[in-house]
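The whole structure should be built from the sequences, with the hints applied where relevant.
Here the protein sequences line up with chains L and S, keeping their order.
Per the working numbering, numbering through the first sequence is continuous, rising by one, with the last residue being 488.
Per the working numbering, numbering through the second sequence is continuous, rising by one, with the last residue being 488.
For the record, the hints were derived by calculation from the structure and aren't laboratory data.
Everything hinted at is true.
Simulated DEER-style distance windows between Cβ atoms:
id: 1; chain 1: S; residue 1: 353; chain 2: L; residue 2: 120; range: 54 to 64 Å
id: 2; chain 1: S; residue 1: 350; chain 2: L; residue 2: 393; range: 45 to 55 Å
id: 3; chain 1: L; residue 1: 402; chain 2: S; residue 2: 353; range: 48 to 58 Å
The calculated lysine-lysine pairs, modelled on DSS-like cross-linking and capped at a C-alpha distance of 27 Å, are:
id: 4; chain 1: S; residue 1: 168; chain 2: S; residue 2: 249
id: 5; chain 1: S; residue 1: 393; chain 2: L; residue 2: 393
id: 6; chain 1: S; residue 1: 390; chain 2: S; residue 2: 379
id: 7; chain 1: L; residue 1: 359; chain 2: L; residue 2: 343
id: 8; chain 1: S; residue 1: 112; chain 2: L; residue 2: 330
id: 9; chain 1: S; residue 1: 328; chain 2: L; residue 2: 112
id: 10; chain 1: L; residue 1: 379; chain 2: L; residue 2: 328
id: 11; chain 1: S; residue 1: 161; chain 2: S; residue 2: 132
id: 12; chain 1: S; residue 1: 258; chain 2: L; residue 2: 258
id: 13; chain 1: S; residue 1: 343; chain 2: S; residue 2: 134
id: 14; chain 1: L; residue 1: 390; chain 2: L; residue 2: 343
id: 15; chain 1: S; residue 1: 134; chain 2: S; residue 2: 161
id: 16; chain 1: L; residue 1: 161; chain 2: L; residue 2: 134
id: 17; chain 1: L; residue 1: 328; chain 2: S; residue 2: 112
id: 18; chain 1: L; residue 1: 379; chain 2: L; residue 2: 359
id: 19; chain 1: L; residue 1: 320; chain 2: S; residue 2: 330
id: 20; chain 1: S; residue 1: 328; chain 2: S; residue 2: 393
id: 21; chain 1: L; residue 1: 134; chain 2: L; residue 2: 343
id: 22; chain 1: L; residue 1: 112; chain 2: S; residue 2: 330
id: 23; chain 1: L; residue 1: 168; chain 2: L; residue 2: 134
id: 24; chain 1: S; residue 1: 328; chain 2: L; residue 2: 320
id: 25; chain 1: S; residue 1: 379; chain 2: S; residue 2: 391
id: 26; chain 1: S; residue 1: 379; chain 2: S; residue 2: 328
id: 27; chain 1: S; residue 1: 249; chain 2: S; residue 2: 161
Below, a sample of chain L positions facing chain S; criterion: calculated Cβ distance under 7 Å:
id: 28; residue: 107
id: 29; residue: 237
id: 30; residue: 239
id: 31; residue: 269
Bear in mind the structure is a predicted one, so any value in this text is a computation, not a measurement.
Even glycine gets a Cβ: it sits at the ideal position worked out from N, Cα and C.
Number of protein chains: 2
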Amino acid sequence: MTINTSVFESGIDIIVVGSGFAGLAAAIEAAEAGVSVIVLEKMMAPGGNSVISDGGIAAPGTTYQIDAGISDSPELMYQDMLTAGEGLNYPELVKVVTEGANEAFLWSRDYLGVKYKERVDIFGGHTVARCYTPESISGSELIKRQLARLKELKVPIFLGTYVRALIQDEMGRVTGVQIIDGYRYNQSNIGIERTIPAAKAVIVASGGFGSDVEFRRAQDPRLDNTLKSTNKPFATAEIIKECLRIGANPVQLSRIQLGPWTSPDENGFGAGPLFGDYVVLPYGILVDPETGNRFVNELNDRKSLAEALLKQKHPVIGIADAAGVKIADWNLTRALEKGVVKTYNSLDDLARYYGVDYGALKATLARFNDMVKKGKDNDFQKPILNEATTLEEPPFYAMRIWPKVHHTMGGLQIDVSARVIHRDQQPIMGLYAAGEVTGGIHGACRLGSCAITECLVIGRIAGRKAAADRI
Amino acid sequence: MTINTSVFESGIDIIVVGSGFAGLAAAIEAAEAGVSVIVLEKMMAPGGNSVISDGGIAAPGTTYQIDAGISDSPELMYQDMLTAGEGLNYPELVKVVTEGANEAFLWSRDYLGVKYKERVDIFGGHTVARCYTPESISGSELIKRQLARLKELKVPIFLGTYVRALIQDEMGRVTGVQIIDGYRYNQSNIGIERTIPAAKAVIVASGGFGSDVEFRRAQDPRLDNTLKSTNKPFATAEIIKECLRIGANPVQLSRIQLGPWTSPDENGFGAGPLFGDYVVLPYGILVDPETGNRFVNELNDRKSLAEALLKQKHPVIGIADAAGVKIADWNLTRALEKGVVKTYNSLDDLARYYGVDYGALKATLARFNDMVKKGKDNDFQKPILNEATTLEEPPFYAMRIWPKVHHTMGGLQIDVSARVIHRDQQPIMGLYAAGEVTGGIHGACRLGSCAITECLVIGRIAGRKAAADRI
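In structure tokens:
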């Protein structure tokens, strides 16, 4: 799609780079403030990586919580995020996110019209249930509502527009972008170069770099191409690098989160995590195929579990039985149809399929079952859940498990006004950022459901501040 | 000191920025290779932060170890570094460092003439004793020897020369530096600008950024000015930032090491660590003054130990007794004279001085002594060294312990030829780096005594490779 240049004739105030949760939130706020906005998206569909999210958003102190008798506060969510983040989080940014969380949730529900399930869930690392999931269990719900609102606001979204460079004036202020208009992902020499000036600001909301093997491996050499990503393949670092080129300070780039419940036998997030995360980890076991032994507390936190998996140097086998699957009560049809999760009528069959020594595996299950009966794991201190049962009822369910790169906590340094900060600790004039492209909010470890909160809170701030810039 | 420009007349091949272990090692090797070299040092004394090191160097498989019956190898040291580094280390760089370690140690001893004590020590995180300390217990010994050799090699070291910028040609190759000649630390508007071309390369060996509060706090917001640093105040980030400006890739910047054996009652590295690191951790105990209890395996790696200290939220007490001090056999005169370490004729006196409950402290020592006798620490799994004794012989020695920023593991990305790597993963032509300014060798945590090994191994490679560049 070639940009209809008539839109430039009256001038553009704000250019938003990226059309995920954060970018669209920024664009909406800026347009609401009455300035002219365009959104640039390199892909041929809007929504970026946000559309594959499950759409869960964390908000403390909601009426849902009050009705459910859950005592929560921005302060408690703040503490949870700092605990998970190992104290590396920028406290002032976490404060902004947690204090703005409830309003952002209500904005998505009441202003945009996202329909949420009538339930409050707790995810690992949160001390209370504060997570809301759309009825569709998909981030695409929020993206659709954001796009609909932008249409009403007459904000154009130009697809197939790849930002090659930020343009600066002689004072270093960002005054526009240079793009390839008509860009097609993974095709070279397509499209035409074009320069678009922005009278007020450029807002970078281009996402993380989970699929950028080269860039992520430089920060963590283990994360080479033997590891897949739960992200879409276009989640790459070119905009981060372009911001670094003009002096943006990169913070905590080596803090990269792995999902420890993914299958190496499918691409992207896939169908496996529903079995891995919700069945194997609580009710089953992880087994090293070379020894037939367990090697970890399967209910350890994401970071510890991923580290333990990587130390194995090869995919492991996640095993559950019919009883565990029944207790967990999730619909595994898709994972079974894809062949990511397989069933076996006997442990012997399972062992043969994965090339695990049957005697060793049998002994491991016996040891595990003994532990379940005693209610105590003396080997790895896994908490035995009340509803846990012994692992012996066929069919046995199994999936290969190997981590995938899931979220990049590090990125561009920003301040509480979403201004991008130069390595000399001064704001880069005319440049704002929001969402996964930024760093410092989640520190060493992002908690599930906090990313959407962050994208909406900081994205909206970026839109408002940019609209008020250079008046 | 204004540079004698006559040195430029015949042209300079290599400019080394920084005069610590790594920079001087690079300069020596380059000069030995027959090219012309100069060293630029911003301060008015050479040696940088290296002169306050204790000079301990790790080397595996030495004759000292063989004589002492210690089985060690580069592979074992490699594994130790990767374990401490949480696998974030660049494996190929760790391989180069560990395989070159013994030669680097012998180079410092036999080629430069550093006199080492006839002992092999073990530091936290090493699985065997492989650390050698100069007779002077000071890194200044090595610096002096390096300076003496450079004098023989007629390599000039220009003090008070502050590198403001790297100069590049139209292809991006680094071809020289722009400096302030006659720079004086903490004084502005002094000195004159000067450009120095380098025919072959610039080698950056400007050290870490432990004293750069602004830069380090951006990576880890906890490390504000409430924490002191063991580094000299001039250990700042200006050269790292200048390298980032021309596109160098910053890796693992948020991995910043705290020294867990420092005294909050003195500035800089101080006299305390000799007692804290060499006496308390192996032979004594750390006690929380509020409870009188131990709280950690005192021989844990630096990172775990520092995190455990920060969680205490206040300085703790390191305690040893006369027997431990005797076994450790270090001269504590300076620490005692400074009053950083104090002696007490009885445990009661010690408890009273620090406001610790005497009964609780007495019970802690009894429990510890029982553990020493049994050779096993069931509380915190501290390894009980063969020569360890019970903690009961007056006088008791004690010191307040609180972390200080000690080492910045992150920095410029380099390859095995010490070439600085651009964020697009291509080498920046004409630019090399070595020492603490680089990142990726130590990953999440540097082990004690591995830094000097790294500085010598990588510094020498940088010197040799730069000398062979652009022939």
